[in-house]
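Numbered according to UniProt numbering, the sequence shown spans residues 1 to 823.
Hints listed in this document are in silico derivations from the structure and should not be mistaken for laboratory results.
These numbers were taken from a predicted model, which means no experiment stands behind them.
Each hint should be verified, as a subset may be incorrect.
[What the hints assert, rightly or not] Restricting the straight-line Cα-Cα distance to at most 30 angstroms, the calculated cross-link-like pairs of lysine-lysine (DSS-like) are:
no. : residue 1 : residue 2
1   : Lys-131   : Lys-55
2   : Lys-533   : Lys-654
3   : Lys-612   : Lys-654
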Amino acid sequence: MPLPSGNSVVSDHVDLLSALWAMDEATVPRNVVIGPDHKTVVVLDHSPSFSASSKNRMQVMLKDSATGQLRVGVSVEKTLWTCAAECALELRRIVDEIYPDGSRLMRFVISDFVARFLTPSWGSELIEQDKLLSSLSGCEVPDANADALSCSIINGISMAVEAISELSELQKKHRCIFERCDEASRAVGCSGAFTTVAGKGETIKCRTNEAVEKFKLERTAEKTALRNTRLSYMKRRFGRALHDWFTKDDEIGKKWAPNIGSVVVFTTINSDEEASMIVKHVTEEITSRNKIISALDGDKNFALISHVHLYVVSLHPVGSINNDTMPFSRKPLTKVNEYVSCSVVRSEVNEALASVVHGVLLEHYQLASTTVTSIPMKEEAQQGQSANYDVEIFHPRRSHRLLEERGIIGAESKLRCRSASGAYDTVKLAWSTPNAKTKWDQFAHTVSALPISPASIHSRPSVCLTSYLLANRNVMLEVLTHDVHPPCTVTPNVGQKLVSHLLMCHAGRIYLHTVFIGEHPVLNDTELANKVKLTKASAMRVADLATLMKESQLCYPSSEEGNDSFYHNTRCHISAANLQTSYNEKARKHLRRVTRYWPIRLCDSFIYNIPKRFEPLLSLVHKSELSTGDVSKCRECICALIASKDSKEPLTAKTIRCNKLKNPGNKDEQLRVACDEILNHLYNYVNHSERHLEVFNMFLQISGLDRATNMSITDVSLNEQTNSYVSTTQSTRSAGSASPAESYRSMSRSNSPLPKKARKAIHMWSSDEVVNVAEFFSERYQREYWSKWRDFVGREQAGSKPALLYPNLDLNKAPRKGETEPV
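Construct the entire structure; sequences and hints are all you get.
This is how it looks when you write it as structure tokens:
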């Protein structure tokens with residue numbers, strides 16, 4: 001079954017025929033082809049010649065109860081019919097174990113005087129093994145005295161071709177989907193004008209219009225009438241081209257749903273002419289059957305046969321094939337004509353027959369063979385000793401895709417070799433027991449899980465391996481890199497091992513999990529980490545910062561102190577006495593003191609990179625009070641440091657990354673930087689006590705820095721720190737919130753500061769204050785209203801005297817009643 005183009009990791013896990021049952025009609029891809037492995041007809045020769053002895057004796061071993069040893073109980077000689085029946089059962093067993101969902105169907109035909117089915121129809125699943133065994137047992141051994149001329153394998157082959165013309169349930173569903181797609185395609189292209197809606201139709205139309213426009217713009221010496229004639233011809237051709245496109249698409253859709261099947265024939269042929277006669281008969285039967293189906297006028301249960309894969313397995317008694325090297329010969333599957341591809345295998349019915357059948361099976365169902373090597377097993381005869389065995393398993397060929405892409409199982413690789421019988425290739429992978437102590441993130445992820453089938457179900461190593469896996473255990477399969485040629489470039493994925501597969505049991509079936517090897521395109525974050533690699537951060541003084549936090553730790557005040565502190569903070573009325581006595585204020589003052597010089601990064605300091613060199617001076621000054629002995633120890637440390645001036649050895653020989661040192665190995669430069677930093681370090685604690693000040697002055701005198709240093713020993717002020725912090729924060733906020741335009745407008749030519757707005761007073765309610773909301777807002781409204789009210793101007797001018805209503809009014813000049821005012 002061909003896989004879709006661009007095989008992905010997902011397609012390795014999903015079998016398309018198995019998934020076709022569960023797929024919705026709209027999601028079925030158009031390139032899914034039901035291949036020749038979906039329907040297989042097994043034809044068994046039941047003619048009198050198969051009653052002959054195969055000369056292959058089967059020994060039945062019995063265990064002696066007295067000695068406990070195995071001995072040959074009885075020896076039975078098989079017939080050719082028994083060997084053919086065993087081959088049919090082996091085919092059915094492996095197909096059922098690898099494809100348990102019924103996506104691969106098989107029908108069995110017995111051919112002697114007439115042909116008859118052991119399975120009535122294709123159905124939706126394989127026939128059960130007990131039913132098949134019962135049907136084969138009912139056929140009995142062929143009659144050796146029967147008329148051999150009236151018995152022919154042709155009868156069974158004719159019935160097999162007839163069975164292939166019948167559609168299975170999966171084929172009916174697939175064909176129904178494509179018929180609906182074809183109807184939709186025909187509905188898209190309308191007759192006559194052929195208005196296009198489909199994507200390809202639009203593309204054709206667009207390209208045609210582009211060609212027409214291009215032809216219009218081209219400069220040519222042709223006459224205008226000829227150009228117009230060609231344009232009209234191109235427009236008429238567009239509808240015809242679109243019709244041809246839809247017709248071609250219908251033909252492609254029909255090609256994607258062919259009726260292909262396979263026929264496996266177990267018979268005896270003695271020459272190539274007999275094989276050619278079988279191929280010729282199959283071709284004639286297909287042609288005749290297609291004519292009959294064409295006359296059925298659209299029967300949904302039958303379909304024209306597109307192609308048939310014919311496998312002819314010729315069985316011969318032991319010693320009848322004159323071949324010194326191999327007891328079998330094989331011709332690969334070759335296309336003979338339009339309808340038939342044929343493969344012929346001739347084999348003796350000995351131990352190599354199973355491998356011959358397996359070779360046909362691997363080619364037909366696209367399977368692969370993997371041999372698990374170096375399996376440790378305890379010897380039953382020799383207690384306490386173990387030996388290594390090999391077990392061969394079959395599985396879908398997709399499990400080896402990653403090994404092939406990485407070049408691990410190439411033609412020259414020692415991992416790929418021929419099977420014991422030489423019928424097919426197998427890949428050798430070594431047994432590797434998983435380590436229970438391996439961390440979960442060190443296990444590689446799997447990309448597929450496909451069922452397996454052991455090549456032999458009766459051998460002791462195979463039984464032990466399957467029993468081990470069915471007991472909910474798992475086995476890793478390791479690629480031995482020393483057997484890979486050319487040398488393997490794939491890095492190990494599980495510890496120091498390159499694990500390619502994992503055997504594990506799920507729901508009573510054993511699956512072969514394919515482990516991803518190499519660099520994953522998504523999950524491998526090495527390339528991404530290199531692209532987004534962040535710069536390495538400088539080392540911080542983490543331990544010193546933790547010590548500083550402990551020294552400056554705050555405590556929760558009591559409820560009364562908290563309310564009182566909150567009340568005073570809101571009004572900025574905290575007294576200096578309260579600041580000195582409060583524990584939190586002391587802690588804040590301590591933090592203010594010791595951070596006057598406190599480099600955060602180690603690269604910005606020298607003495608904090610080698611603190612043991614300056615002990616106990618650095619650690620003793622951390623105390624709140626120093627004793628006389630502490631002062632003496634500090635004096636000794638200072639004297640030892642100053643005495644190192646005369647030494648040729650530097651303060652430290654190791655390389656230190658310090659921005660203050662231009663030449664890190666220079667002793668004089670190290671001493672100079674160390675003295676400056678120690679002075680700043682002691683300055684942080686100079687206000688702790690009198691003895692701290694004594695140590696500070698002592699260092700100035702001994703080091704000789706008292707003349708060149710002018711440092712004020714004034715203690716820090718918490719109020720200044722708070723006020724400066726508030727003002728700095730406010731200025732930062734205002735500067736950050738101002739837009740460029742506002743900043744430009746706020747600047748004057750003289751750079752004079754802008755007038756500040758008066759801040760509104762804030763009334764803070766106490767916790768036990770009762771407020772009447774109605775009265776509060778009424779009073780607020782009245783206050784705002786009367787603040788804008790203005791008194792009468794006359795009353796304002798009159799003061800306490802009565803105000804005249806019309807002060808400028810003169811009644812003497814007013815005209816009397818009856819008099820007219822002169823003009």
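Hints versus structure:
no.: 1; hint: Lys-131 with Lys-55; verdict: holds (28 angstroms)
no.: 2; hint: Lys-533 with Lys-654; verdict: holds (28 angstroms)
no.: 3; hint: Lys-612 with Lys-654; verdict: holds (14 angstroms)
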